[in-house]
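Student: Spelled out from the first residue to the last, the chains are:
There are 2 protein chains.
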Amino acid sequence: MSKDYIQMWESLGLNLEAHDGLLEVLGKQYREVFLKQQNRPEGMGYFDFVMREVHGLRVKELLDAQAHGRKVIGTFCVYAPEELILAANAICVGLCAGAEIAPELADEYLPRNTCALIRSFFGFKLAGVCPYTNACDLVVGETTCDGKKKAYEIFAELKDLYVMEIPQRKGAADRVLWRAEIVRFKERVEQLTGVEITADRLRAAITTVNDRRRALQRLTRLRYQYPTVISGRDALLINQIAFYDDPARFTGSVNALCDELEQRGKDGVEVASGNPVKLMIAGCPMAVPNWKLPVVVEEAGAVIVAEESCVGERNTRDLVVEEGGTVADLVDRLTDRYMSINCAVFTPNEGRLDHIVETARAAKVDGIIHYALQFCGPYTIEARNVQKRLDAEGLPLLRLETDYGAEDTGQLKTRVEAFVEQLS
Amino acid sequence: MSKDYIQMWESLGLNLEAHDGLLEVLGKQYREVFLKQQNRPEGMGYFDFVMREVHGLRVKELLDAQAHGRKVIGTFCVYAPEELILAANAICVGLCAGAEIAPELADEYLPRNTCALIRSFFGFKLAGVCPYTNACDLVVGETTCDGKKKAYEIFAELKDLYVMEIPQRKGAADRVLWRAEIVRFKERVEQLTGVEITADRLRAAITTVNDRRRALQRLTRLRYQYPTVISGRDALLINQIAFYDDPARFTGSVNALCDELEQRGKDGVEVASGNPVKLMIAGCPMAVPNWKLPVVVEEAGAVIVAEESCVGERNTRDLVVEEGGTVADLVDRLTDRYMSINCAVFTPNEGRLDHIVETARAAKVDGIIHYALQFCGPYTIEARNVQKRLDAEGLPLLRLETDYGAEDTGQLKTRVEAFVEQLS
Chain A
62 MSKDYIQMWE
72 SLGLNLEAHD
82 GLLEVLGKQY
92 REVFLKQQNR
102 PEGMGYFDFV
112 MREVHGLRVK
122 ELLDAQAHGR
132 KVIGTFCVYA
142 PEELILAANA
152 ICVGLCAGAE
162 IAPELADEYL
172 PRNTCALIRS
182 FFGFKLAGVC
192 PYTNACDLVV
202 GETTCDGKKK
212 AYEIFAELKD
222 LYVMEIPQRK
232 GAADRVLWRA
242 EIVRFKERVE
252 QLTGVEITAD
262 RLRAAITTVN
272 DRRRALQRLT
282 RLRYQYPTVI
292 SGRDALLINQ
302 IAFYDDPARF
312 TGSVNALCDE
322 LEQRGKDGVE
332 VASGNPVKLM
342 IAGCPMAVPN
352 WKLPVVVEEA
362 GAVIVAEESC
372 VGERNTRDLV
382 VEEGGTVADL
392 VDRLTDRYMS
402 INCAVFTPNE
412 GRLDHIVETA
422 RAAKVDGIIH
432 YALQFCGPYT
442 IEARNVQKRL
452 DAEGLPLLRL
462 ETDYGAEDTG
472 QLKTRVEAFV
482 EQLS
Chain B
62 MSKDYIQMWE
72 SLGLNLEAHD
82 GLLEVLGKQY
92 REVFLKQQNR
102 PEGMGYFDFV
112 MREVHGLRVK
122 ELLDAQAHGR
132 KVIGTFCVYA
142 PEELILAANA
152 ICVGLCAGAE
162 IAPELADEYL
172 PRNTCALIRS
182 FFGFKLAGVC
192 PYTNACDLVV
202 GETTCDGKKK
212 AYEIFAELKD
222 LYVMEIPQRK
232 GAADRVLWRA
242 EIVRFKERVE
252 QLTGVEITAD
262 RLRAAITTVN
272 DRRRALQRLT
282 RLRYQYPTVI
292 SGRDALLINQ
302 IAFYDDPARF
312 TGSVNALCDE
322 LEQRGKDGVE
332 VASGNPVKLM
342 IAGCPMAVPN
352 WKLPVVVEEA
362 GAVIVAEESC
372 VGERNTRDLV
382 VEEGGTVADL
392 VDRLTDRYMS
402 INCAVFTPNE
412 GRLDHIVETA
422 RAAKVDGIIH
432 YALQFCGPYT
442 IEARNVQKRL
452 DAEGLPLLRL
462 ETDYGAEDTG
472 QLKTRVEAFV
482 EQLS
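First to last, the protein sequences are chains A and B.
Using the numbering used here, you'd call the opening residue of the first sequence number 62 and step up by one each time.
Using the numbering used here, you'd call the opening residue of the second sequence number 62 and step up by one each time.
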């Protein structure tokens, strides 16, 4: 990554030494995980560029936009309605939470028995290595899990924070609560930006975000059709980048890549030959640079063809219905769309089990890996219901529980290799 | 405990051998923890009797009531509105969750990183040693924490289960949700019992439960006034028994005990002399037979004078306003009363911090022990905010995290003794 940004990073209050160290590690990791792959689609060049500039050019874009009066809002969850942020001419960015950073600093704020994702966003902030968190005018939290809900109370000491309440069931009363939360958030965004969210603005924002979802859906379908035209880790990377790149530019780049993948599919150009085992990953989100499991899986000779995850289909499957003349109508459409996300924090959560089965069938996978972060109550407990359902459907499942450390990589490899072997 | 109940236990599907073993251990533990205390109030005789008959006479009462057409509903949380249960002529009992039972069986259903309380109610059920769970016509769960919310989905395989949704904030939209949940529960109880919950019935039930709360509030005030007229463990026991004894009989017994305690206060009759260190316990509930920490504290020479806990003031502090001519009015009163409970699952949760400080001041404690179960996200994470607030108030705090095992008792003793020494 370029060194031209030192002054910018300094102005954001980053710890330059720690930040340099992080970039060096990330760069090395990126080369190993992504650039050494054989026969990658050319269209990945754009995403490589974005990643190379993830702490550089994109951050500069945010600061330039702020200099022109726009606001930047950071989020941690696919439940934060990005459409409202865009409709107020603000920029939405997903915040850093995919690496173990300064665990000793996080320990001063959180119990040890907190999941790696939550410890990570504290670590990034406390170590001063996340330009996004520091650049944000506001951070949006949500009451998904106990860990995040209670950790945000503490994170608010470090950063301006707004918390949305996610319901826990999907009944009529929950829809009422969630709609009220969307309206409350809309008002907060309007207050922050000074921009009134009109029906026209909101409709345009809905189209922008839907277009991104449509492009990612196209990528999803192409992987179902041609499972080896792109590696699972590259597809995951694209889904990760979706959270902080400019939406329109990103959508264009995904569609350009999809054109290429379609041609590769027709031409039989593959990243892995010989009919490899096709796997789907279901469970907790994998934020940048959490590429541990995909690498283990694909180095074991399998190819990942689907992600039932917030960084994956949980973020892209459902569109907002693009109908409605008034803000109230559009808020209704947003409410419905977000209520359909099947996070494990809901009870009961049959919808998620259905979605896993449907995706597994659509992608014709040989097996599913359920990926849960250690100490993540919702996903670790729900894993049993996933197991029951997949057993009933005759779909093979491997349940894994891990964190962001490297200590268990050997153990993961052994288990994943055995699973792939069993499915071969 | 009498052996006359063998047939009854058999009919409930208990594992007689395991159950015998449990009763033997519990009996021994009870003698050590309670009966060996010096100078106990005579009024504790009633509660000793109830405990001796906890798996006997009380269970027989439930079965006799069922034989006469009444229903028995089990609960796990102070958010379950007992008034609706009583108003439908049903019996409400708190379910067994205070001991480590058959952890190897619980492991088949739950991740290891689940708190002891949740593992306990699975263990009790799976080992076949809880006559209450087996006797219930319905069990009421609630979406307090991630662990319980998701574990109930699995527990529903073992027992008829109904889940109430607890909101996570205390705004206007949350009150709407919670009121809808109370109405939904009312309908479920009416359906189960075949009894229509009229305003008269509900008003009477509200008075019954309020009377119990008033009696326990009286006990609370007496402990503030005369901190050594009763031990903390006896007061905890009374609060534990509140969850499954007949409410009216229990209320009478608490009031009789309070008459005695008042006299003891005036006469200077004490369970601990020499101005012992006065402590308050704040945090997770302690269900029967979880007496580990109180014993450690009182054996260290301190006396516990208050419990900011669901088995304590969180269950007794607030009355339902006894006004309202219609069921709808009374449902409003119930809604307001239950919304005022300050469980750590709420965010933000300043009300709980206020309550801890108010109680500490009212009881004139020398220090506070924050008690959290390991893997309980809400309480372990909130402990830091409790610390900050108590530091600001100049109130000494000891933060403990433990489980139901005996392994850490030595370590707890060392820490508690040091804390008591520091406050002496």
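Simulated from the structure, these hints should not be mistaken for laboratory data.
Possibly wrong hints are sitting among the right ones.
Under the rule of at most 27 Å between Cα atoms (straight-line distance), these lysine-lysine pairs were calculated in the BS3-like manner [said to hold, decoys possible]: (1) B:K97 - B:K474; (2) A:K449 - B:K220; (3) B:K474 - B:K449; (4) B:K220 - A:K231; (5) A:K449 - A:K474; (6) A:K449 - A:K97; (7) B:K425 - B:K449; (8) B:K89 - B:K121; (9) A:K89 - A:K474; (10) B:K97 - A:K231; (11) A:K121 - A:K89; (12) B:K474 - B:K327; (13) B:K97 - B:K449; (14) B:K449 - A:K220; (15) A:K220 - B:K231.
Student: Checking one constraint from the list: CA of K474 (chain B) to CA of K327 (chain B), max 27 Å. Satisfied?
Tutor: violated, 33 Å
Student: For the pair supplied as a hint, K474 (chain B) and K449 (chain B), is the alpha-carbon distance within the 27 Å limit?
Tutor: holds, 24 Å
Student: Mind checking the alpha carbons of K97 (chain B) and K449 (chain B) for me, to see if they're no more than 27 Å apart?
Tutor: Not satisfied, since the Cα-Cα distance of roughly 38 Å exceeds 27 Å.
Student: Between K449 (chain A) and K97 (chain A), is the straight-line Cα distance small enough, at 27 Å or below?
Tutor: violated, 38 Å
Student: For a C-alpha distance cap of 27 Å, please report whether K89 (chain A) and K474 (chain A) respect it.
Tutor: The given pair, whose Cα atoms are some 21 Å apart, holds under the 27 Å limit.
Student: Below or equal to 27 Å on CA atoms is what counts here, so check K220 (chain B) against K231 (chain A).
Tutor: holds, 22 Å
Student: CA of K449 (chain A) to CA of K474 (chain A), is that 27 Å or under?
Tutor: Answer holds: K449 (chain A) to K474 (chain A) is near 24 Å, not above 27 Å.
Student: Would the hint linking K220 (chain A) and K231 (chain B) be met if the CA-CA limit is 27 Å?
Tutor: Judged against 27 Å, a Cα distance of about 22 Å means the pair holds.
Student: Would you mind confirming whether the straight-line C-alpha gap from K97 (chain B) to K231 (chain A) stays at or under 27 Å?
Tutor: violated, 52 Å
Student: Verify the proposed pairing of K425 (chain B) with K449 (chain B), using a straight-line Cα cut of 27 Å.
Tutor: Holds, at about 19 Å.
Student: Are the Cα atoms of K449 (chain A) and K220 (chain B) separated by 27 Å or less?
Tutor: holds, 18 Å
Student: Between K449 (chain B) and K220 (chain A), is the straight-line Cα distance small enough, at 27 Å or below?
Tutor: holds, 18 Å
The earlier numbered hints that this structure contradicts are 6, 10, 12 and 13.
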